[in-house]
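Trainee: Just add 3 to the spot in the sequence shown (first one is 1) and you have our numbering.
A portion of the hints provided could be inaccurate.
Calculated cross-link-like contacts (lysine to aspartate or glutamate; reagent style EDC-like; alpha-carbon spacing at most 16 Å) [stated by the list, open to error]:
#  : residue 1 : residue 2
1  : 17        : 36
2  : 17        : 29
3  : 70        : 88
4  : 17        : 43
5  : 35        : 45
6  : 35        : 14
7  : 96        : 36
8  : 70        : 59
9  : 62        : 99
10 : 70        : 99
11 : 62        : 90
For the record, the hints were derived by calculation from the structure and aren't laboratory data.
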Amino acid sequence: MIQGPHMVEPDTRKGLIFLYRDADSDLHFCWKDRRRNVIEIDIIVSPNTLEFNRVDSCKTGRIYVLKFRRSPNRLFFWMQYPKYELDDDICSKVNELLLSNSNSDDEYTSSIHSMNTANIRPSDL
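All chains, please: the whole structure from these sequences, using the hints.
Mentor: In structure tokens form, the structure reads like this:
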């Protein structure tokens, strides 16, 4: 049971966050359910509209938030990649791609390590 205005409840599904560039050169931020192989989140990224950060107030897990700069919307992700020492590098690289939205480094946009998503109640947004 979720209590309090700023709590998230983990989603037990294993997922994968990845970024890719489509045929029109638009950058997409996606989350895919790995078991069903279904993309459930697909956001077309405009430069400087999103940021990806660690939730420092969470001391019980490796929780990250995708913040929309021009709205209160947020998506939370639970990092499950086993090499936690790479978390900061992964986060920095994701932000670099989100902020610049340039065509450089497309090789890296193909996959950004495994993460589980977390649900948040609409009343908490």
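Trainee: Can you confirm whether the C-alpha distance between residue 70 and residue 99 stays at or below 16 Å?
Mentor: holds (14 Å)
Trainee: Quick one, are residue 62 and residue 90 close enough, alpha carbons at most 16 Å?
Mentor: holds (15 Å)
Trainee: Does residue 88 sit within 16 Å of residue 70, going by the straight-line distance between their CA atoms?
Mentor: The given pair, whose Cα atoms are some 23 Å apart, is violated under the 16 Å limit.
Trainee: Straight-line Cα separation of residue 35 and residue 14 no greater than 16 Å?
Mentor: holds (13 Å)
Trainee: Can the restraint linking residue 17 and residue 36 be considered satisfied, given a maximum Cα separation of 16 Å?
Mentor: holds (6 Å)
Trainee: Quick one, are residue 35 and residue 45 close enough, alpha carbons at most 16 Å?
Mentor: Answer holds: residue 35 to residue 45 is near 9 Å, not above 16 Å.
Trainee: Starting from residue 62, check that the Cα of residue 99 is at most 16 Å away, please.
Mentor: Measuring from Cα to Cα gives roughly 25 Å; hence the hint is violated.
Trainee: Would the hint linking residue 17 and residue 43 be met if the CA-CA limit is 16 Å?
Mentor: Within the cut-off at roughly 12 Å; holds.
Trainee: Check whether the Cα positions of residue 70 and residue 59 lie no farther apart than 16 Å.
Mentor: holds (14 Å)
Trainee: Checking one constraint from the list: CA of residue 96 to CA of residue 36, max 16 Å. Satisfied?
Mentor: Between residue 96 and residue 36 the Cα gap is close to 22 Å, so the pair fails against 16 Å, i.e. violated.
Trainee: Regarding the pair residue 17 and residue 29, is the alpha-carbon distance no greater than 16 Å?
Mentor: violated (26 Å)
Hint compliance for this structure: hints 2, 3, 7 and 9 are broken, all remaining hints hold.
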